[in-house]
Amino acid sequence: MGRHKRISDDELLAVAREVFIEKGASASTREIARRAGCSEAVLYQRHGTKLDLFVRAMVPPALDVEALLQAPDSSCPNEHLEEIALGMLSYFRELQPILQPLLSAPDFDFEDFAARHPDAPLHRLRQGLVATLRRMQARGRLREDLVVEPAALMLFASIHSLAIFERMGAHGGAFDEALVRGMVRALWRGLAP
2 MGRHKRISDD ELLAVAREVF IEKGASASTR EIARRAGCSE AVLYQRHGTK LDLFVRAMVP
62 PALDVEALLQ APDSSCPNEH LEEIALGMLS YFRELQPILQ PLLSAPDFDF EDFAARHPDA
122 PLHRLRQGLV ATLRRMQARG RLREDLVVEP AALMLFASIH SLAIFERMGA HGGAFDEALV
182 RGMVRALWRG LAP
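Heads up: the sequence shown begins at 2 in the working numbering, then just goes up one per residue.
It should be emphasised that the hints constitute simulated quantities derived from the structure, not laboratory data. Please note that a few of the clues may not be correct.
Here are the in silico distance ranges between beta carbons for each label pair [what the hints assert, rightly or not]:
#1 P151 with R7: 15 to 23 angstroms
#2 L87 with G38: 26 to 34 angstroms
#3 A121 with P73: 25 to 33 angstroms
#4 A187 with I8: 46 to 54 angstroms
#5 R31 with S76: 50 to 58 angstroms
#6 E67 with A116: 19 to 27 angstroms
#7 G38 with S76: 46 to 54 angstroms
#8 S91 with T50: 40 to 48 angstroms
#9 S27 with F111: 17 to 25 angstroms
#10 E67 with E150: 16 to 24 angstroms
Below 30 angstroms or equal to it, Euclidean Cα-Cα: the simulated DSSO-like pairs (lysine-lysine) are [what the hints assert, rightly or not]:
#11 K51 with K24
#12 K24 with K6
#13 K6 with K51
Even glycine gets a Cβ: it sits at the ideal position worked out from N, Cα and C.
With the hints as constraints, model all of the structure from the sequences given.
Here it is in C-alpha cells:
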C-alpha cells in the first residue's frame, strides 16, 4: 500500500507560488520544501525539475473573460469600455505579482509557457477584447475605418502598465477609478464613429 500525501499537489503549488513571488525564480527548492513541510525529494518526484515546479506554480489566476467583456444591456460603448478597463486593471493587479517573477526567470520562454497553458486568461482576454471591439464596430458603435487589433492592444497595454506602475508604488500603489475612466475616454475619442 502506498503512502498518503501529507500535502496535496494544490497546497504544494500554493506554497511554491508564495516563495517564488517573495524570492523570484532563484528561490531554493529547500525553502519551498521547508515551508511545505516535506522533503525536496517530494518536489522532484511530483514535478521533475525546478523549472517544471516554477511553471506550474506560477500559472496566472483564473478569469471569467466572457463575463468581463459582456456589455450591460443599456450600456453605451464608451461606458462599456470603461467597465472592461476597470475589470482588466483588477485582474492585472492580481496577476502582476505572479507575472513579474515569471518574466525575470532566466529559463522562462513565453512560447513554451503558452503551449503549456493554451487557455491562459491573458491570451483569451486579448483575443476577447479584439472580438468585442469588432462586434462594437459591426454595430456601428466604432469607426468603420478603425483597425481593431491596434486599438485593442493599446487598451490592453495601457491598462496593464497601470498595474506595473502600481506595483512600483506610483500613485501610492493604486490608480483611482476616475483616472482609468479618463484614459478610456481619451482613447474613445479616437474610436468613436
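Each hint, compared with the structure:
| no. | hint | in the structure |
| --- | --- | --- |
| 1 | P151 with R7: 15 to 23 angstroms | 51 angstroms, violated |
| 2 | L87 with G38: 26 to 34 angstroms | 40 angstroms, violated |
| 3 | A121 with P73: 25 to 33 angstroms | 27 angstroms, holds |
| 4 | A187 with I8: 46 to 54 angstroms | 49 angstroms, holds |
| 5 | R31 with S76: 50 to 58 angstroms | 52 angstroms, holds |
| 6 | E67 with A116: 19 to 27 angstroms | 23 angstroms, holds |
| 7 | G38 with S76: 46 to 54 angstroms | 49 angstroms, holds |
| 8 | S91 with T50: 40 to 48 angstroms | 33 angstroms, violated |
| 9 | S27 with F111: 17 to 25 angstroms | 19 angstroms, holds |
| 10 | E67 with E150: 16 to 24 angstroms | 20 angstroms, holds |
| 11 | K51 with K24 | 14 angstroms, holds |
| 12 | K24 with K6 | 26 angstroms, holds |
| 13 | K6 with K51 | 20 angstroms, holds |
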